[in-house]
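**Student:** Spelled out, the chains give:
Number of protein chains: 2
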Amino acid sequence: MLTVSKRVKQTKPSYIRNILKVTRQADMLSLAGGLPDAELFPLDILTQAADELAQSPSIFQYGATEGLTELRQWLLEENSTAEDVLITTGSQQALDLIARSYLNPGDKVLCEAPSYLGALQVFDLAEAEIHTVIAEADGPNLAQLEQQLANYKIKLFYAVPDFQNPSGHCWSLSKRKAVASLLAKYKVALIEDAPYRQLRYQGEPLPTVSELSSYAAFHLGSFSKIATPGMRVGYVRAKQALLAPLIKVKQASDLHSAQPMQLMLLATVRHPSFAEHLDKLTNTYRTRRDYLAELLQQQLSDKLEFNVPQGGMFIWARLPHHNAMSLAEAALKQKVAIVPGDEFWPSKHTPDYQAIRLNFTALTEPQLEQAVSRLKKALQQCSPIK
Amino acid sequence: MLTVSKRVKQTKPSYIRNILKVTRQADMLSLAGGLPDAELFPLDILTQAADELAQSPSIFQYGATEGLTELRQWLLEENSTAEDVLITTGSQQALDLIARSYLNPGDKVLCEAPSYLGALQVFDLAEAEIHTVIAEADGPNLAQLEQQLANYKIKLFYAVPDFQNPSGHCWSLSKRKAVASLLAKYKVALIEDAPYRQLRYQGEPLPTVSELSSYAAFHLGSFSKIATPGMRVGYVRAKQALLAPLIKVKQASDLHSAQPMQLMLLATVRHPSFAEHLDKLTNTYRTRRDYLAELLQQQLSDKLEFNVPQGGMFIWARLPHHNAMSLAEAALKQKVAIVPGDEFWPSKHTPDYQAIRLNFTALTEPQLEQAVSRLKKALQQCSPIK
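Protein chains in written order, with my numbering: chain A, 12 to 397; chain B, 12 to 397.
One or more hints might be untrue.
No copy labels: a pair is met if it fits in one copy or bridges any two.
[As the list claims (entries may be wrong)] DMTMM-like mimics (lysine to aspartate or glutamate), calculated; alpha carbons at most 25 Å apart, straight line: (1) K32 - E88; (2) K387 - E340; (3) K188 - D149; (4) K291 - D301; (5) K198 - D313; (6) K20 - E94; (7) K32 - E81; (8) K20 - E77; (9) K164 - D48; (10) K32 - E77; (11) K166 - E138; (12) K20 - D95; (13) K32 - E94; (14) K23 - D95; (15) K20 - E140; (16) K17 - E140.
I should point out that these hints are in silico values taken from the structure, not numbers from a laboratory. Since we're looking at a predicted model, the values are computed, not measured.
Okay, chain A solo, but in the shape it has when bound (with noise of 0.2 Å):
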């Protein structure tokens, strides 16, 4: 039979997928993935925008490599820092259309320990060699990042600086400016992923480290949580050049992303009521993240160790005295799903510690309490670490 490729063999595959028929069982109860909660998509301006399509008809044709215009326009008036943007079909094609064009197989990536999953599964893809630095609260290892810098031939350091995936933290300012610097001494791209920077739920905004940057970077955005995910539209924003072969590989990935979606998202985005949209999703992602958490203070504290995040859809929680795999097999066992933190981290390494990933956002909070009380039953059945 047909033998598949390196890439494919040496790709990790995801934790969430293999068990997503089991959350998808009616009394699974899941805290395991990264959903927004479908109850609070902004139906009604969708449902205004979706009747736009119908005066646009060349939406329906062929469009640009680059995505709609319109689109691109706004979001380059978003971000006056920013010189050219691209379309992609989410955020996640950014990413891998930004490994296929720079790296070859071999090439040095460095990541956040723990990292996003799925930037990690791009870069086994891409058949790079994955290196780590670790994830403070406050941003990475300064000490640790120049000291990967110094020593390897790094070409991207992929990052997600805003409440990030899965640990929830924050970069500080003065550690954004930090980074910058070193990236720029050392001539190593960044790839900045920012999919929850507006899913903040205290504090203020801080600058992206993009904007901070004065060698390349990538700055990758998202629609799918704030608006919806199901619409699949993402973007990239970097200088000109650097996009160029971007454009060249989705020309040959899928020719342009849809473009009813791109319109429907930008209508959407420019509705009156969207802000108003805006501050009831955070409102009540703010209350479960609050809820959830002093759920866990109240009843596991003597189990897990976790800060409450200023924002993004997760809390992430280090497990002192259990093994994050077992604990996980036997929350399914009891009907809530849960990640464990062994997932974010390339395949080759070895988790620093154990922990797990709790997201909040998808459950109410009748449903967050049941799933912590089912949560406390597999952490009493789970034997502790020798």
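We have chain A already, so just place chain B on it with the hints.
**Tutor:** Using the frame of chain A, we list chain B on its own:
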């Protein structure tokens, strides 16, 4: 600055893409693209389909990488011989996913010559070694095909048996059977790309080569030519085990394709008026094909040699006396765009003969008349090959 990957460096840029800005000029008539006529899009049906989105809020949530279950079921019911189907962002993505799943750099791929340039780009990106077999009017030259299969370790054979782009050729039943049997004999997998299959203007549909095949086969389908291309919904049918690696790659590439587009597409093809739309579409395109063929025959029969294709979007005309690239340049000066045949041979190959590709679906009859008159002037101004 950041250096691009080897795969991107060696990928041929597209002529059509390069002249895009020129072809978009208001006074330009384009015979160059592979565009359906936007005036013929089933807008009434699409509007109704868009209205249905609001009734399915879950369509806006993250979905399965494989695609929308209902659309997949419909596609499998349409073709009972297929075991499984994966929805892709246009059939272009299916091609890219197959290449990434199965090809290592240096692996050998066989294509018809001439061949779809988007496929050649995909194989360039995969760093494959591209071999060719002559595309004859009734299918590939069988002796040459067997020679290639016997002498080289070919992994995949890419072909467009129905109204090939660019040649318009439709394989005969006997060649379909012969190819299927040769591929089985030499254990070479088939990629059957069939975007034009439903644009048949005469004669009866023939079985797909995949159906006749007893070895690994991928059948790629598209809604771009019969519904609308801007929605970017395509698919690949194959055995489940063959699709599994594609799903892994697609997950890292874009998680999944836009779900509202998949639902709108399903509502469109299921609509009671869709058959009527398809009749109107094929009738219009048939008339245009006949009209263009007649114009060429009457006015340019001494300078162009062509067959009238039974379906598809293109008339492929050989140039016994002219260089295609020079003619394409002269044509642009006369405000008519055509694609020189050279584009449809792999980068490192020399075209077997000079030819041009002329699209007949995007322009109305008066526009076709005007375009041919401009092409005639270009031919008069372009020096014959000595």
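**Student:** It remains to establish, for every hint, whether it holds in the given structure.
**Tutor:** How the hints compare with the structure:
Proximity of K32 and E88 under a CA criterion of 25 Å is satisfied inter-copy only: 23 Å between copies versus 42 Å inside one chain copy. In the homo-oligomer, the alpha carbons of K387 and E340 lie at most 25 Å apart inside one protomer (13 Å), although the nearest pairing across protomers, at 73 Å, exceeds that limit. Taking CA atoms no more than 25 Å apart as the test, K188 paired with D149 passes inside one copy only; the shortest distance there is 12 Å, against 65 Å between copies. In this homomeric assembly, K291 and D301 come within 25 Å of each other (Cα to Cα) only inside a single copy, at 15 Å, whereas the closest approach across copies is 59 Å.
Taking the shortest alpha-carbon separations for K198 and D313, neither the intra-copy value of 45 Å nor the inter-copy value of 60 Å comes in at or below 25 Å. Within a single copy, K20 and E94 get their C-alpha atoms only as close as 37 Å, which misses the 25 Å cut-off; across copies the closest is 23 Å, which meets it. Taking CA atoms no more than 25 Å apart as the test, K32 paired with E81 passes between copies only; the shortest distance there is 17 Å, against 39 Å inside one copy. When the C-alpha separation of K20 and E77 is checked against a cutoff of 25 Å, the pair qualifies only between copies, where the shortest distance is 19 Å, while the shortest distance within a copy is 31 Å.
In this homomeric assembly, K164 and D48 never come within 25 Å of each other (Cα to Cα): the closest approach is 42 Å inside a single copy and 51 Å across copies. In this assembly of identical chains, the alpha carbons of K32 and E77 lie at most 25 Å apart only when taken from different copies (13 Å versus 36 Å within one copy). With identical chains, the CA atoms of K166 and E138 are at most 25 Å apart both within one copy (13 Å) and between copies (21 Å). For the homomeric pair K20 and D95, the shortest alpha-carbon distance between copies (21 Å) is at most 25 Å, but the shortest distance inside one copy (35 Å) is not.
Taking CA atoms no more than 25 Å apart as the test, K32 paired with E94 passes between copies only; the shortest distance there is 20 Å, against 43 Å inside one copy. Proximity of K23 to D95 under the C-alpha cut-off of 25 Å is restricted to the inter-copy arrangement: shortest distance 23 Å between copies versus 33 Å within a copy. Taking the closest pair of Cα atoms, K20 and E140 come within 25 Å of each other both inside a single copy (15 Å) and across two copies (21 Å). Within a single copy, K17 and E140 get their C-alpha atoms as close as 14 Å, and across copies as close as 17 Å, so both meet the 25 Å cut-off.
The structure is inconsistent with the numbered hints 5, 9, although it conforms to all the rest.
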